[in-house]
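Line by line, the protein sequences give chains A, B, C, D and E. Each residue of the first sequence is one higher than the one before, starting from 66 at the first, in the working numbering. Each residue of the second sequence is one higher than the one before, starting from 11 at the first, in the working numbering. Each residue of the third sequence is one higher than the one before, starting from 22 at the first, in the working numbering. Each residue of the fourth sequence is one higher than the one before, starting from 406 at the first, in the working numbering. Each residue of the fifth sequence is one higher than the one before, starting from 221 at the first, in the working numbering.
Hints in this document: simulated from the structure, not taken from any laboratory. Incorrect hints may have been included.
Derived list of chain E stretches under chain A, where covered just means 3 residues or more per stretch with a C-beta under 8 Å from a C-beta of chain A [as the list claims (entries may be wrong)]:
(1) 559-571
(2) 618-628
Here are the computed lysine-lysine pairs in the BS3-like style, where the Cα-Cα straight-line distance is at most 30 Å [stated by the list, open to error]:
(3) E:K462 to E:K538
(4) A:K300 to C:K200
(5) E:K595 to D:K503
(6) B:K77 to D:K551
(7) E:K648 to A:K135
(8) A:K135 to E:K607
(9) A:K135 to E:K595
(10) B:K103 to D:K475
(11) D:K551 to A:K100
(12) E:K538 to D:K475
(13) D:K503 to E:K414
(14) B:K77 to B:K155
Glycine is no exception: its CB is placed at the ideal position from the N, C-alpha and C atoms.
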Amino acid sequence: MVKVALIDGPDSLTGSEVASRSLRKIVWTRLRRDKLAMVCLFILIALYLIAIFAPVICGLLGVDPYSFDKESISDSGGGPVGTWGGISTEHPLGVEWGTGRDIFAQLLYGLRISLLIATTATILTVFFGTVLGIISGYAGGKTDAVIGRTMDLILAFPFLLIILAMSGVLTQRLTALGVPDGNPSRITYLIIVLSIFGWPYLARIVRGQVLSVREREFVEASIAMGASRYRILFKEILPNLWAPILVYATLTLPTYVGTEAALSFLGVGVLPPDTSFGGMLGNSVSYFSVVPSYLFIPGVVLVVLVVTFNLVGDAVRDALDPRAGRV
Amino acid sequence: MAGKANSQRAFLEVSDLSVQFPTEDGIVRAVDGVSFAIERGKTLAIVGESGSGKSVTAQAVMGLINKRNADVSGEVFFDGEDLVAMPEEGLRKLRGNKMAMIFQDPMSSLHPFYRIGDQLTEAVNAHEKVSKASARDRAIEMLHKVGIPAPAKRFDDYPHQFSGGMRQRVMIAMALINSPSLLIADEPTTALDVTVQAQIIELISQLQREFDTAVILITHDLGIVADVADEVAVMYGARVVESGSVDDIFYHPQMPYTLGLLASIPRLNQVPGDRLDPIPGNPPSPLRLPTGCVFNPRCVYQDRVTGDVCQTQRPALEDVGAGHQVRCHLPATERQAVADLTLNLLGRPSR
Amino acid sequence: MNESQEPALRVTDLRTYFPVRSKGLFPKTVGQVKAVDGVSFSVQPGQTLGLVGESGCGKSTTGRSVLRLIERTSGRIEFDGLDVTEMSSREMVPIRRKAAMIFQDPYNALNPRHTVGAIIGAPFAVQGVKPPGGVRKAVQELMERVGLNPEHYNRYPAEFSGGQRQRIGIARAVALKPKFIVCDEPVSALDVSIQAQVINLLRDLQDDFGIAYLFIAHDLAVVRQIAHHVAVMYLGQVMELATREDLYSRPLHPYTHALLSAIPIPDPRAQRQREHIMLSGDLPSPAAPPSGCVFHTRCFQAQDICAVEKPEIIEFEPGHKVACHFPIVEFLGTAPITGLDPGLTKQTGAAGEDRGSNDLIREIGTDYGAAPNTPIDPGPAIWR
Amino acid sequence: MSAYVVRRVISMIILLLLLTLVVFILFSLLPADPARLTCGKGCTPEVLEANRHKLGFDLPVIQQYWEFMKGLFVGRIYAADSPSPVVCNAPCLGYSFKRGEEVLVLIKDRLPPTIWLALGAFFLWLAAGISLGIYAALRRGRWQDKTVMGISLAGYSLPSFFLGLMAIFFIVIRLQLLPYPSYVSPFENPIQFFQTMLLPWIVLAILYAAFYMRLTRNQMLEVLGDDYIRTARAKGLPERVVIRKHALRAGLTPIVTAAGLDLAGLLGGAIITESIFSLPGLGSLAVNSVNDADLPVIVGITLVTATFIIVANLIVDLLYAVIDPRVRLV
Amino acid sequence: GGGSSSSTSGGGEPAKGGTLYYLTNAEQFDQIDPQRIYTGEDLAFFNGTIYRTLTAYKFSPDAAEGTSIVGDLATDTGTATNGGQTWEFTIRDGATFQDGSPVTCADVAYGTSRTFATDVITGGPTYAISMLDIPTLEDGSSAYKGPYTGEGQELFDKAVTCSADGKTITFNLSRPVPDFNYTVTLTAFAPVPKASDTGEKYGDAPVSSGPYKIESNKNGKGGKMVLVRNDKWDPASDDYRKAYPDTWQVDYGLDVKVIDQRLLASSGNDATALANGVEPEQLGVIFKSPTEVNPEFAGRAISELDPYVRYLAINVQKVPNLKIRQAIAVALDRDALRKNAGGDFAGDYADGVIKPNMGVDYAPSGMWETLLGEKVADAGNPELAKKLIAASGEAAPTITFDYPQSPTADKAAAIVVDSLGKAGITAKPNPIEPGQYYGVVFDPEKAHELINAGWGPDWPNASTIIPELFTPTGGFNLSQYDNADFNAAVETAKIEPDRAKQAKMWQDLNTKAMADVVVIPTRFGREQRLVGKQIGPVYLWPAYGSWPYAEMYAVQQ
Ligand SMILES: Nc1ncnc2c1ncn2[C@@H]1O[C@H](COP(=O)(O)OP(=O)(O)OP(=O)(O)O)[C@@H](O)[C@H]1O
Ligand SMILES: Nc1ncnc2c1ncn2[C@@H]1O[C@H](COP(=O)(O)OP(=O)(O)OP(=O)(O)O)[C@@H](O)[C@H]1O
Ligand SMILES: [Mg+2]
Ligand SMILES: [Mg+2]
């Protein structure tokens with residue numbers, strides 16, 4: 066049967082029904098199967114939309130976070146008039162102690178600020194963590210040592226303390242550098258410190274990944290073709306890092322929301338008249354035994370935000386887990 | 011043999027064993043109606059391509075498949091007891107005691123954090139109440155048997171201080187320390203160099219003789235099969251497609267896949283530089299086993315079968331001689347002709 | 022073989038040592054792994070040199086050093102008569118069109134995040150080559166050539182089986198029609214039924230394009246099917262280098278003997294009757310290689326001098342080099358190592374007769390057709 | 406091994422030196438004039454100048470740094486040229502004029518509550534985190550797993566201050582199960598000590614346990630798939646032994662790392678928890694010092710905390726070698 | 221004065237013995253060294269317990285009586301001669317330090333001299349330096365450098381002299397100070413035995429001359445100070461202090477919420493505990509209204525005007541245009557600010573920096589009635605502000621508001637921003653860490669246009685207000701105000717011996733400063749306090765706006 070020897074032609078594909086394996090498609094197909102994640106994703110998108118359109122929404126409802134409603138608070142003590150922190154048709158979630166500002170509107174604007182800070186800081190963290198991690202992992206030697214020691218240094222700092230201590234002066238420096246005074250520079254400060262103290266974690270992960278990816282033969286194949294360092298780093302290696310980076314990003318974002326809230330709680334938040342979740346929670350401390358809604362409303366929204374982010378992050382992680390489904 | 015309900019049961023008799031893993035992508039039929047049997051002191055080799063279900067079969071026999079995430083059905087009679095139906099505790103008592111297993115990768119099969127000696131005595135203590143000292147003596151003796159020089163000294167070493175071949179010897183020592191009557195060796199030499207492989211295979215045969223153990227040797231290397239096996243089961247696509255004595259398989263193969271396998275291996279006793287005769291196509295995914303005969307997409311002989319039975323009907327395991335069974339739709343005459351043709355090509359005598 | 026022709030690759034006294042460093046803030050070099058230690062060979066255009074040896078003996082390091090993927094310690098590498106040893110990585114770029122590489126692990130060698138089209142098209146992109154008709158057309162032609170369905174241009178490696186992935190790697194390697202390819206165990210990870218497909222493909226490509234291969238493998242049987250010359254490595258050094266015919270029929274080095282005899286033949290009767298040379302022990306660590314002849318610790322022929330003096334590699338007979346104090350010459354023309362199917366042996370003619378004829382049976386006999394009971398000098402090895 | 410430790414200690418010291426320098430430079434930027442802060446209502450420029458000199462703030466940063474480093478080893482005398490110099494004995498971490506106390510003494514005073522808090526929470530979270538993590542891993546994909554992971558998710562989604570305030574609101578204010586937290590030393594009044602520490606312990610433990618549950622679960626899942634676990638089962642070991650002896654030990658390394666660093670971090674003071682539960686620990690000292698611009702104290706705390714972390718790093722690395730014999734400390 | 225007492229004394233009779241607990245959020249006293257103490261509550265506490273001063277304020281809830289003085293260490297309230305430029309005090313017999321040695325003139329003089337060692341004794345009031353007849357050097361500092369260097373000691377010894385018997389101390393002043401006998405109520409003039417002086421560290425182990433002495437003191441959260449009876453103190457020599465309790469214990473670093481909860485519950489030791497402040501959320505629990513206590517807390521809570529005036533200082537160097545300053549003042553929503561601070565509970569609208577409870581020195585300034593051209597509503601008048609800006613000839617300014625950060629202050633800042641914004645003035649909030657606050661705003665380079673502040677007099681004479689706040693030599697001139705006419709008028713007022721005339725002068729200067737809008741007064745502060753069930757007397761002592769510590773007792777069971 067000579068035919069045996071000659072058949073050497075195109076093969077039939079096996080498992081060709083498996084969906085195309087681009088990262089995006091993998092994540093998306095797997096995510097879509099996860100009902101809970103989809104619900105959370107939906108909530109998240111809704112929250113982002115709410116944040117972006119907060120002024121419009123507040124306008125429609127006739128509330129805004131800045132105007133003082135002196136009628137809604139008592140003349141003695143400054144507490145809200147009415148039960149549950151002064152919940153009324155005018156003020157769907159009540160008013161702030163002492164000023165009568167609308168809690169609902171504050172919440173929406175706080176969401177805006179929280180998301181702005183957390184999202185931007187995440188992007189920066191991911192950027193620096195990735196770039197420095199890749200460089201550190203690929204270059205090795207002295208570069209690696211310098212970046213590594215810098216990371217050690219940063220990780221050894223009690224960062225909350227530093228952020229607290231440095232907020233005033235660094236905000237001023239930023240202003241001196243041309244960042245508009247006030248909230249722009251405060252927010253910038255928060256974004257910067259969160260990124261500065263955040264990147265080493267990702268850089269470590271990325272570095273580790275690079276160390277293993279660069280040992281994979283396709284990198285060598287690329288070198289053997291005569292590829293430039295740029296191509297190797299960013300075309301060959303980087304695409305293989307998206308999974309850990311994406312996972313890290315989705316899990317970092319909620320952490321930053323929480324951290325920003327904690328910092329606001331400790332007084333390093335945005336400037337009045339603006340406020341964020343942490344600021345609202347910090348304010349609540351003096352009153353919550355009398356008006357618990359001050360604690361619960363921003364707290365619950367914050368938790369919902371963080372939980373949904375985390376759930377989506379988890380789902381992304383599972384979707385990207387190479388071992389997933391191998392039970 | 012397997013399937014003959016009223017005959018005397020063999021020492022180990024596996025009949026119609028199936029293992030399915032439900033996964034995200036669908037149900038993986040890793041093992042699909044596999045049957046075979048083996049007596050004490052004999053060696054059964056299971057050969058087949060990667061992913062054909064060899065390891066899962068072995069683990070199913072050992073009761074190592076986690077029943078929580080897999081469906082195991084069929085029967086595994088070991089010394090008269092059905093292992094599939096047996097509760098976990100009973101299996102545990104058998105494992106490492108009456109039946110033992112060694113694995114493909116000696117590098118990762120030993121716990122990296124515990125001393126060699128402790129891992130060995132642990133195997134003793136799991137089944138017997140013996141004093142520390144006597145467990146130690148037994149372990150050292152076993153290490154000596156598998157050819158570890160200065161076993162008393164090496165007793166306290168960690169696995170990473172051993173070379174690959176040495177580790178595989180330790181694994182063998184661990185498997186045989188309770189004198190099992192069944193040893194399953196899952197590709198015990200794939201990760202080793204040829205020169206070491208030869209040592210290990212030799213060692214297993216030697217110990218098999220000493221303990222009168224039944225050995226199931228899983229491999230994809232037909233050379234090793236030719237070397238040590240008494241019986242051979244050829245697996246393809248989760249099924250046994252041909253089984254029989256080693257001579258049946260090598261000199262009288264009846265299944266096109268077995269033939270293709272024999273034809274495609276480069277051999278030292280072949281014309282150097284000649285073209286090889288590969289089987290076309292690729293092995294099937296266990297997620298989507300072909301309907302009918304699992305080999306049909308790659309089979310070049312199916313045009314010799316009338317109709318589309320190859321594509322639609324699953325062939326039964328058919329007796330074609332004493333203990334020689336084949337799963338193929340080819341008519342007996344055609345099978346013989348095909349076998350002769352190929353064997354001629356290989357330069358072997360046909361029957 | 023046209024000896025006057027400039028070899029596609031010539032390697033002279035190549036050494037590649039890896040420093041062993043301590044960890045910590047101030048790492049120190051505490052030793053060296055002599056992964057490749059004085060290796061010389063050449064490969065003629067359109068020919069294949071097989072490089073065999075056990076795991077860790079330095080095969081891959083040789084292949085990589087040759088392509089300047091790792092920095093060699095010393096030695097000289099010439100492509101097509103051009104000395105590339107001292108070239109900077111920039112200068113190497115155009116050279117890399119002529120030399121490509123195929124890897125062992127068909128999954129690892131392909132970037133899982135790139136489509137097949139991108140992978141095979143990468144050499145064009147990297148080298149800035151614009152094939153007539155565009156990259157896509159060129160890639161699809163290549164895919165067709167190596168037996169892949171060109172419609173699968175946009176798929177990812179994970180969607181392919183091992184054999185198919187290896188074809189992708191091969192297509193990438195031959196994309197720029199190189200003169201020379203290092204194949205680092207291209208079939209070791211494949212199932213036997215697929216292995217043969219790939220070997221056939223490599224040979225066809227060699228015939229078509231006249232590519233020279235440095236074919237690395239640990240399986241002597243596989244090498245035998247593809248290589249014109251074979252080099253046997255042990256602990257970073259070449260022990261024996263000969264034409265295929267010479268090496269398999271008249272191996273000189275004890276190590277080659279041991280290797281050959283350790284490979285089981287998938288033929289029960291033949292296998293049962295073969296004599297096996299069983300080497301004792303494992304490969305020593307290349308970080309602390311034995312003194313003298315590196316093989317002496319496992320050699321059944323070893324004598325006192327072996328532990329002291331390193332045997333130089335010498336051209337023992339024309340085209341057959343060996344590095345051994347006591348090459349096994351007395352076996353010449355006989356087949357001491359392998360037993361054969363008795364049925365076959367009977368038909369075997371005289372040794373060396375009619376070599377090159379296409380008669381399968383006689384060919385086999387030529388290699389191993391001798392009395393199986395020829396006494397062998399008993400060494401420290403275990404005999405079966 | 407000892408050479409390794411010596412080398413590590415040296416690099417630790419270098420790291421600490423660098424860190425101090427960075428801290429000095431960072432804090433030299435602070436707007437508040439520390440001298441002004443020690444100079445009350447009726448402050449005059451010359452008094453200000455004198456104070457500045459006394460505190461050593463008139464020196465260039467680098468020299469202040471040098472003085473500080475010297476003080477660590479030989480002690481330090483502030484305002485040596487004045488009639489009433491302030492002596493700060495070696496190791497002198499600085500002197501808080503605001504509080505009229507050596508920084509080292511201040512830190513020593515504040516350490517016990519922080520240590521109690523950290524240790525109590527540490528044991529709670531390790532116990533809960535690891536056991537629940539294993540439990541979840543063994544029941545992967547089933548409701549028990551999902552429940553544990555849900556708890557874990559909640560744990561690390563809840564900001565600590567929210568959790569703390571909720572605990573106070575419900576347990577202290579509404580249900581009045583515990584008194585309003587205010588620290589007493591365990592040696593003074595053990596019962597009150599436990600009553601006040603209980604909530605902070607639980608709050609911190611929930612936060613951390615959440616992470617350890619996941620970590621343990623993932624580690625276990627990873628390790629349970631390893632070949633040597635199969636070997637252990639093939640030996641016929643009871644499942645309990647396989648899990649505890651073989652799997653857990655193998656999966657321990659990242660847990661040890663995390664635990665070591667987390668504990669060290671906590672020993673530097675849990676700023677938020679301490680301030681919510683008004684525990685007089687390092688964290689609240691830190692916050693107060695920031696509010697007071699009490700520079701020497703901030704620097705001192707930063708250094709002490711960083712030292713904890715760096716030392717923990719070393720200990721963790723040494724522990725690796727204990728856990729994993731393959732690790733060679735060279 | 222404003223705060224008619226809502227409750228004046230606790231239930232029950234005074235009894236000797238027991239322990240009084242002073243619960244505080246602070247982690248330590250700012251200062252314990254007598255020469256360095258400078259806050260009202262601390263002055264009251266230490267003066268009542270361990271430091272006797274030449275003169276002291278009477279104990280009474282009444283604003284007038286409570287701010288009048290009696291002799292303490294001195295037999296009487298002193299004798300002024302030389303037109304008020306020389307003051308003489310005679311020290312009582314039987315007054316001793318805790319070691320039993322008698323308090324002499326030399327000890328008082330020595331204590332006073334310590335103030336001059338400005339490099340060691342920092343933070344305290346510097347009246348001795350500015351009032352005693354000791355020349356100043358070119359750089360403005362005193363020629364006397366304190367007892368430690370001894371430089372210029374002879375100058376001091378000339379300014380402060382002792383009689384031969386050590387009983388009479390004479391202060392020679394550089395100018396007439398008609399109320400110098402009020403000045404010496406400050407512990408800065410308290411005696412310090414030279415032998416025990418440890419300089420900088422004297423506060424760690426001060427020598428008591430009062431009925432109690434420090435047994436132990438441990439700062440920080442969880443720390444406490446314990447005062448026990450000074451058995452060398454002779455009640456016969458001291459008819460001023462009652463010294464009822466056996467022990468005083470100060471618990472440091474308690475959370476304000478904890479303090480409230482403990483006092484509300486008032487169980488165990490907390491029955492004899494006091495503190496000085498109530499969180500806003502508890503006000504509704506304790507009080508029916510700012511002037512009425514809920515029955516269940518009757519006799520345990522007070523809501524009184526404190527000595528402080530809250531205001532926003534305008535930095536006149538940075539905002540030189542009067543019209544702009546007026547515009548800022550007019551635009552400010554003081555109503556919202558007061559509401560935010562607690563409405564009625566937080567106090568009354570202020571019209572100047574002198575408070576009605578100052579007695580004679582107070583007269584309405586008319587700031588919000590006439591001074592700014594028309595009557596300005598409490599909620600501000602953005603329209604008028606816009607007009608003023610238009611009239612200023614400048615564009616609407618952009619200003620920055622410095623304030624010590626806290627949640628409530630953040631909201632106040634929001635109010636400032638919002639209400640100024642309505643008048644077109646851009647205000648930017650600049651929160652500063654509370655502890656660093658004064659360090660920043662006293663630095664002319666770092667302070668901004670609008671600065672949050674509050675001030676209380678050192679004794680009931682506006683001489684401790686107007687000069688401090690509005691002259692370049694004042695210690696609290698956040699406005700950087702420097703007006704030659706004004707300065708001259710201040711100097712005249714300072715030495716005016718006739719108290720009534722002097723009061724009129726202060727009233728005019730107050731009005732002048734308001735007309736110049738140097739500060740925007742927002743509130744005459746009111747404060748609320750709560751004590752345990754078994755403590756008395758419960759009233760706010762007008763002298764320091766504090767508890768009358770020396771009179772306090774645990775109620776007899
Ligand atoms: N736990 C599991 N869950 C899902 N699929 C599994 C599991 N274990 C094995 N399989 C699948 O079952 C099939 C048979 O696997 P098995 O390990 O028995 O193959 P094998 O013949 O031993 O192959 P190899 O030669 O590569 O070892 C494979 O496709 C494998 O992916
Ligand atoms: N980058 C490296 N650093 C240090 N040692 C190395 C490095 N690469 C290889 N080695 C060592 O050099 C020796 C030769 O390695 P090499 O990979 O060339 O062997 P090989 O013959 O290809 O083996 P295999 O068959 O396992 O692929 C080995 O001992 C290996 O451990
Ligand atoms: Mg297998
Ligand atoms: Mg290799």
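We went through each hint and held it up to the structure:
1. 559-571: Result for this restraint: holds, n = 8.
2. 618-628: holds (count 5)
3. E:K462 to E:K538: Measuring from Cα to Cα gives roughly 51 Å; hence the hint is violated.
4. A:K300 to C:K200: With a Cα-Cα distance of about 27 Å, the restraint between K300 of chain A and K200 of chain C holds, given a limit of 30 Å.
5. E:K595 to D:K503: violated (46 Å)
6. B:K77 to D:K551: holds (20 Å)
7. E:K648 to A:K135: holds (22 Å)
8. A:K135 to E:K607: holds (25 Å)
9. A:K135 to E:K595: holds (21 Å)
10. B:K103 to D:K475: Not OK: K103 of chain B and K475 of chain D at ~68 Å, beyond 30 Å, violated.
11. D:K551 to A:K100: holds (14 Å)
12. E:K538 to D:K475: Given pair K538 of chain E, K475 of chain D is violated - Cα atoms ~44 Å apart, limit 30 Å.
13. D:K503 to E:K414: holds (25 Å)
14. B:K77 to B:K155: violated (36 Å)
The structure shown violates the earlier hints numbered 3, 5, 10, 12 and 14.
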